[in-house]
Amino acid sequence: MSNLEQTASSVAFDAAQPSDNAVSRARTVQFEIGRRGLLLLSWLAPVVLLIVWELLAQAGWLSPQVLPAPSKVLRTAFKLAASESLLNDLGISLLRAIGGFTIGASIGFALGILVGFSRIAEAAIDRSVQMIRAIPFLALLPLVIVWLGVGEAEKIFLVALGVTFPIYINTTLGIRQIDPKLIELGRVQGLGTLDLIRRIVLPGALPSILTGVRYALATAWLALVVAETIGAQSGIGFLAMDAREFLRTDVIVLTIVIYALIGVAADAIARTLERRLLAWHPNYGGAR
Amino acid sequence: MTLHVAPSSTAASPAVVVTHLCRAYGSRVVIENLNLRIERGEFVALLGESGCGKTTLLRALAGLDPVDGGRIAAPRRPAVVFQEHRLLPWDTLWRNVALGLQVADVRERAAAALAEVGLGDRLDDWPRNLSGGQAQRVALARALVQEPELLLLDEPFAALDALTRIRMHHLVRELVATHRPGVLLVTHDVDEAIALADRILVMRDGRIAFEHRTSGARSIARAELLAELGVVASHPIPA
Ligand SMILES: Nc1ncnc2c1ncn2[C@@H]1O[C@H](COP(=O)(O)OP(=O)(O)OP(=O)(O)O)[C@@H](O)[C@H]1O
Ligand SMILES: [Mg+2]
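Protein chains in written order, with the numbering used here: chain U, 1 to 288; chain B, 1 to 239.
Errors might be hidden in some of the hints.
Claimed, not checked - Sample of chain B residues with no beta-carbon within 12 Å of chain U, all distances over it, derived:
hint: 1; residue: V30
hint: 2; residue: R37
hint: 3; residue: V67
hint: 4; residue: R71
hint: 5; residue: A158
hint: 6; residue: D161
hint: 7; residue: A209
hint: 8; residue: E224
Unchecked claim - Label pairs and their computed distance ranges (CB to CB):
hint: 9; chain 1: U; residue 1: R198; chain 2: B; residue 2: R167; range: 29 to 37 Å
hint: 10; chain 1: B; residue 1: R71; chain 2: U; residue 2: S118; range: 26 to 34 Å
hint: 11; chain 1: U; residue 1: M131; chain 2: B; residue 2: N35; range: 51 to 59 Å
hint: 12; chain 1: U; residue 1: T193; chain 2: B; residue 2: V17; range: 26 to 34 Å
hint: 13; chain 1: U; residue 1: L62; chain 2: B; residue 2: P89; range: 48 to 56 Å
hint: 14; chain 1: U; residue 1: G192; chain 2: B; residue 2: R167; range: 30 to 38 Å
hint: 15; chain 1: U; residue 1: R198; chain 2: B; residue 2: R71; range: 45 to 53 Å
hint: 16; chain 1: B; residue 1: E147; chain 2: U; residue 2: G192; range: 17 to 25 Å
Claimed, not checked - Chain B is nowhere near these chain U residues, computed Cβ spacing over 12 Å in every case:
hint: 17; residue: K79
hint: 18; residue: A121
hint: 19; residue: I135
hint: 20; residue: P207
hint: 21; residue: V225
Hints are computed from structural coordinates only; laboratory data are not their basis.
From the three backbone atoms N, C-alpha and C, an ideal C-beta is built for every residue, glycine too.
Chain U extracted, bound-state conformation:
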């Protein structure tokens, strides 16, 4: 109903027949078109780029050895998907990511809770963790390979390593940022320690923890790409390295696109989580 109305008024506006009593209405419609126009414009550049790329490739100006046409990449995607090898490799990569993420997030969260609550745990743990954090975790890769070889353990370990720190840091930060007055209120209301954590500490720390989750998703993905590029027998990264030997740039580009898409999907999941869990928060939830 309101949709119909909107269409009708925007048509009237397009036809440039503003009536006096519809001036304010027209202004809001114009604002909406402005926003839609901007959205369109923001998509224009990438689409044009893609078309130019396609045309250059079709015209033979771009060697397929350097960059295959987008349409060729798409066809390769369908072909590989039909043979199931693509889905298989994708599944393996996702399993590694999820496994590593779960392990790393659990450790980071547990340590974060411990350090956030206990001064003793903070004194005992925090400095060491901060020192390890100063190492770019990918620099540990050669050492990890010496320890664990190039099997699944090494890949999951690397992902977990990349995930642990952002979760740890944001969990401790979130707990420290909780208003002590609310903790005091919890005590006044007679909450036990467990209820205090459940009703006040965790919800208060949640925005920070979810920020950590978003960072962690990005580092998990980066860790996976690196781990799979070095000595993998399966997975998206293996697909890329295998394709490299045969100069199959279409497959390589396809793997890059898949990495990107999964990165985008992970971020979308994190955002949805924030919107759902932080409905109360003026900066996240749309709830009124």
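Assemble the complex: chain U is given as a structure, and chain B with the ligands must be docked to it using the hints.
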């Protein structure tokens, strides 16, 4: 006559009895040998210069701070309303009111308490959608739903505008008449104390220095209280 029927009580039973209470921060003694008794259903206002130790006393009664000497005998954990509403922003109003409530029908009880403060239609709303006065009303509901025998109020209306404050006075008087807890109200506002309290205390030098039962001539009480607080009125006060 009273709504509250205690099994073995005959006359008034105390909501709290404080004897020889002492409290110091380092070497600075804030409360020294303070005695205080508040009956159930009695409304006591506590006045005193800024920094004289009113909040310190209230926090000691609430069990939030340790004491250095003396005894506080309260039958049950008191309920507290602070100057800030202290609502949990991540919980809806009814969940805020129900915080720490241990009964079977938590939501119904919280709903009833919210209805009492005139917010019965906002059960599932968020605290951030409330005005200052509404938020303070929820805090009041959260304190009263616990059915406390002692209700501690630390300048709960200080941040409200004059009109809202008057409405809150009416509401508090009604609620206290219904639930009949002993009340200790810390305030800076002499008129608020006169309007609400059965008994007004002035704190000075770490103890209760002056006590006044409100009955009869209110303007006299006002002048006397202001004098006790070290304020000399330059204008005559209209009756
Ligand atoms: N945590 C603390 N550490 C040290 N001194 C404190 C602390 N809290 C309060 N004091 C001191 O104790 C004294 C009494 O403080 P209190 O907060 O009880 O005063 P108050 O009567 O509530 O004042 P106001 O009317 O301004 O709220 C003040 O001199 C204050 O500086
Ligand atoms: Mg105070």
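Each hint, compared with the structure:
no. : hint                          : verdict
1   : V30                           : holds (19 Å)
2   : R37                           : holds (22 Å)
3   : V67                           : holds (16 Å)
4   : R71                           : holds (21 Å)
5   : A158                          : holds (15 Å)
6   : D161                          : holds (23 Å)
7   : A209                          : holds (28 Å)
8   : E224                          : holds (34 Å)
9   : R198(U) - R167(B): 29 to 37 Å : holds (35 Å)
10  : R71(B) - S118(U): 26 to 34 Å  : holds (33 Å)
11  : M131(U) - N35(B): 51 to 59 Å  : holds (56 Å)
12  : T193(U) - V17(B): 26 to 34 Å  : holds (30 Å)
13  : L62(U) - P89(B): 48 to 56 Å   : holds (55 Å)
14  : G192(U) - R167(B): 30 to 38 Å : holds (36 Å)
15  : R198(U) - R71(B): 45 to 53 Å  : violated (34 Å)
16  : E147(B) - G192(U): 17 to 25 Å : holds (20 Å)
17  : K79                           : holds (50 Å)
18  : A121                          : holds (25 Å)
19  : I135                          : holds (36 Å)
20  : P207                          : violated (9 Å)
21  : V225                          : holds (36 Å)
Of the numbered hints stated above, those contradicted by the structure are hints 15, 20, listed in ascending order.
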